[in-house]
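Student: Chains as they are written, first to last, in the working numbering: chain X, 1 to 340; chain H, 1001 to 1340; chain D, 2001 to 2340; chain W, 3001 to 3340.
Derived from the structure by calculation, the hints contain no laboratory data.
Nothing false has been slipped in among the hints.
Output of the computed footprint for chain X on chain D, the stretches with three or more beta carbons under 8 Å from beta carbons of chain X: (1) 2075-2082; (2) 2089-2097; (3) 2124-2132.
Glycine included, every Cβ here is placed at the ideal spot set by N, Cα and C.
4 protein chains.
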Amino acid sequence: MYSFKNDYSEGAHPRILGALMESNMEQLEGYGEDKYTVKAVELLKKKCGRDNIDVHLLPGGTQTNLTAISAFLRPHEAVIAANTGHILVHETGAIEATGHKIISIKVNDGKLRSEHVRAALDEHTDEHMVKPKLVYISNPTEIGSIYTKHELEQLSKFCRSNGLLLYVDGARLGSALTSEENDMKLSDIAENVDAFYIGGTKNGALMGEALIICKECLKEDFRFHIKQKGALLAKGRILGIQFLELFKDNLYFDLARHSNDMAKILKEGLCEAGYSLLTHSPSNQIFPVLPNEVIEKLEEKYMFYIWQKVDEDNSAIRLVTSWATKEEQVLEFIQELKRI
Amino acid sequence: MYSFKNDYSEGAHPRILGALMESNMEQLEGYGEDKYTVKAVELLKKKCGRDNIDVHLLPGGTQTNLTAISAFLRPHEAVIAANTGHILVHETGAIEATGHKIISIKVNDGKLRSEHVRAALDEHTDEHMVKPKLVYISNPTEIGSIYTKHELEQLSKFCRSNGLLLYVDGARLGSALTSEENDMKLSDIAENVDAFYIGGTKNGALMGEALIICKECLKEDFRFHIKQKGALLAKGRILGIQFLELFKDNLYFDLARHSNDMAKILKEGLCEAGYSLLTHSPSNQIFPVLPNEVIEKLEEKYMFYIWQKVDEDNSAIRLVTSWATKEEQVLEFIQELKRI
Amino acid sequence: MYSFKNDYSEGAHPRILGALMESNMEQLEGYGEDKYTVKAVELLKKKCGRDNIDVHLLPGGTQTNLTAISAFLRPHEAVIAANTGHILVHETGAIEATGHKIISIKVNDGKLRSEHVRAALDEHTDEHMVKPKLVYISNPTEIGSIYTKHELEQLSKFCRSNGLLLYVDGARLGSALTSEENDMKLSDIAENVDAFYIGGTKNGALMGEALIICKECLKEDFRFHIKQKGALLAKGRILGIQFLELFKDNLYFDLARHSNDMAKILKEGLCEAGYSLLTHSPSNQIFPVLPNEVIEKLEEKYMFYIWQKVDEDNSAIRLVTSWATKEEQVLEFIQELKRI
Amino acid sequence: MYSFKNDYSEGAHPRILGALMESNMEQLEGYGEDKYTVKAVELLKKKCGRDNIDVHLLPGGTQTNLTAISAFLRPHEAVIAANTGHILVHETGAIEATGHKIISIKVNDGKLRSEHVRAALDEHTDEHMVKPKLVYISNPTEIGSIYTKHELEQLSKFCRSNGLLLYVDGARLGSALTSEENDMKLSDIAENVDAFYIGGTKNGALMGEALIICKECLKEDFRFHIKQKGALLAKGRILGIQFLELFKDNLYFDLARHSNDMAKILKEGLCEAGYSLLTHSPSNQIFPVLPNEVIEKLEEKYMFYIWQKVDEDNSAIRLVTSWATKEEQVLEFIQELKRI
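For reference, chain X alone in the conformation it holds in the complex (with noise of 0.2 Å):
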């Protein structure tokens, strides 16, 4: 059985592995202030295309996300997120048992726009109601779709003037700005935003998320956040090496150009044989809607997560593609597919 299921289905990339057997042996310093990691967070400043930011390296994505989000924000203060949100239903409650409300907006799309924060504040009138500080959007969204450039600007404007801090969580940011509808880089989200993590479990490390902090006053004193948390590695290296790897050269883009082009030529397929998608997605994530026998006949060869009940006949299912997955899989997804 060949799996869509996601995107962290295989191990890491080979030159990651490669690149931490070469150091294993080396006696380096603990909790990630190893030369590797060190060197790691310079070269991130750098492709994000300023020095007056802050990189930390945790192991994963629920843990960054309660991690910086319970370090910026006051007790009374709280979360916007779309209902899409992964922190809103796929994190087990972690921010709230930081103790953080997240307000929930319904969207269709999966993006926060400003309007939508903007009726979220207008409900929040008193102190007999939270506070709303910190807008969390996901890059690409969980239903597969990105952000322009202009839209992260709009919102941005829409924060900064409004006190409101802009948070995105990018566990699959790799294949947002890889995507060949993305008009953004590295730099723009920096610009953006007031911090954002780059995912590396699902595009491609054993583990390991990298938080920026763009806004000069949530730096202070994050590391004692971390280690709170439980965060801080002790072998901060296996980190600091994978992040190094991904970044000395395109390997990080390159390996999520991978994972669209693969996710690309499936929806190619499916429109071919005649399928419509349940959302617009140009990243690793589809959604195509299928006859429930065809989702059975092929359950048979691979695996998949059933998305949601689209009518009595007809269902949406999620199909990721990665930086594993192989094309000869792909097309024969799609050959078996016009088969049945």
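Given chain X, put chains H, D and W in place with the hints provided.
Tutor: Quick look at chains H, D and W alone, frame taken from chain X:
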């Protein structure tokens, strides 16, 4: 400069990297539901000599402590720990950040005994004070001492008859269990405590700790807590593969024994050179007391922590050996010491 | 200006002040262990028709909700509430501040039913999501509707067969139980729910809510939680004396009935004047829909909240009556309305 | 049996009940926005000799401590307190429940001095430990001692030059400020600390504490925190009316002075009878050391706490006087003591 600063200065034991390499391109389930993790869990149960225990693999020690302790306690319940306890001082208030007080007990040798715990119980008499509920010990302790089977049994008996949970931080459990003064096996730990963890990070793994939950009522829903605290790695395989490699034969214990052996050579050398030790330590951390000028000289060639001032002229340093410590380096250190 | 803004605009019912006065110079035990509190607790048990319940007196509603809910839940467990639920929006994230998510369910009449709860359960399937555990309802609801006995029994049955706790916020429980549409007694509430509170603040007390814990396993150590959350008044007598006075005869219900009667006169007057109500409310909060210019005129003489915009020209306002509302003021209001 | 157990055995000073009575049927704004609270706040500012402070009225001491401290600190920041500090032992871990560690410092006379704080700072050197941020002191302390102006100034100076906040728990501040050894006024406190509270519960109010926030950056959004922690009473008037009555002339200080006077008579009587005191206490709590058989005899007629064992035959007891303590009872106690 050679480092005796800690036991996580190198990467992972080569066999571990090898195992990661070998399985790297296999597509596996995420979140610790892969076949390697399943096997590792089964193996660890066997090694603990019991089937009715739950095993969870988490990335690091602080995270294991905070996830377990916050899952086990109700909001008003507190932890009792020795004043040297790692959670008390060196985890940035991680336990308090989950809402629980730690009651500190002053002890001389790092070990909690039933009389210490009783004293804490006697002082907490009503609802104006927290309710002591979980006794936290480390084996070996933070100053290198280890518990005998009799000591653990006594403490366990006291805890059970007083409605207290007993939890062992086993960040260096391998070193304790392979110490020449040790008279316990993994199964003795499992029999006498309610939960404990077997540390991987400090004994040859890239990272990873195996939490063993022995008490039935503590098991329910534990994976929710792992996820909520950010400790559920998408590529949980990394932990499973490592623990499988460490325990499929006796690698885990072999590595720990080596670190103890290296510490023993150091101790003997220090003794021959006429120096005393601050604490009785039969494990892989030793605390020699040296004249300050000797320390300064040693610092030119070696890295280690200065542990505490002993008097005007002397201080105790901490030397840590590990699975990766080379015998020739140890011998050279002693020669250097004698030369000075 | 006469106020229909809420039911806590005046101080306490004179009999309550009298009782405080009379006992004032007696020396009594602190922290709710005085004889008046003991008697009030016994009396409340009797009124609930059960001996196997625990009764605790706390200063306010938000504090009762947060103390109870955080005591009842483990860290990964969540609350299910109607979108109108007081804890969801109007308590500044008090529940989330104790670490728990509230799952919001959209309902039309303020009332949760088993199908709503089932839908929430169906959406929470594994450890990547919180575990729904406590169903929070208000009676009357925040929009004035009340539960029938049958509705409560159905919900109770569903909760019990699904391992869920059922909790009733009874900030205005007196109004619900003396409504002409009500078919329940205190004992029916006590029988069908796991915990609930009888509100004093909004029914004639200076402040104070009586929390009733019915489910055995929720009772243990509850006073620790009261103290930890700052709700254990040194002069707990204040609460005991008030609840004793309210329940020693039927004062509590008499006051509530009066507030309902005043609301009824208002409703009839509004109806006669040709206006409709936004919600069906047989309790002491009513929500008439009025033309905006009428509202503006009324605002010159009366205080009340504008609840929501209905269309370009009309809005719903909230009128709240209380134990202290004077019939002549109600009649005058109606005359004023008709005059306009 | 007459009670010297504490200073909250009686209800409220009659003038306070009178004021509640008089204003009882007025319709007032809720949540502390009524005219009485507004006046009380203005009055307290005047009494503190400063206009640029914020004043909030909260129901109780534990709640004031937890609300203020959790609002002032970021998640990794900790409190420094004397080992006798009320928050450390007698508030059921309320501060830890909001996520913050309390660093305990052993002192002999209940008072923290800059050298103690410096020692705590010296031990907390990096992100593996909490960051000490707020120094908590009580005046008078829990063992009856009081701070001199010089001591407070020194501590204040140290805190300010080390980026620490200074907070005073003034549960019995009236007793400190009217002690014959006191050389401070309210304005001296306000000048030297960042926040403090003026206790009402233990000095004649039904309940209520006035929190004064002096430091500008701590003021923002404080009412959100009061609401979130359940401390915003719907009938906030109760607190405003009481503090207005206590401070509109010198009632607050008169009551406190009376309690000190009663304690002084007790001390003199004890001295004459040949007994010593455990601590030097110029305030309304004293700790005489008495033979155990004398204590047993006294217990037949009086209520008080046995504070601690001194040796085999002697123990210290705690005697607390209050605004309501009657001189004849004090004299009778001494006679009784001499008779024994």
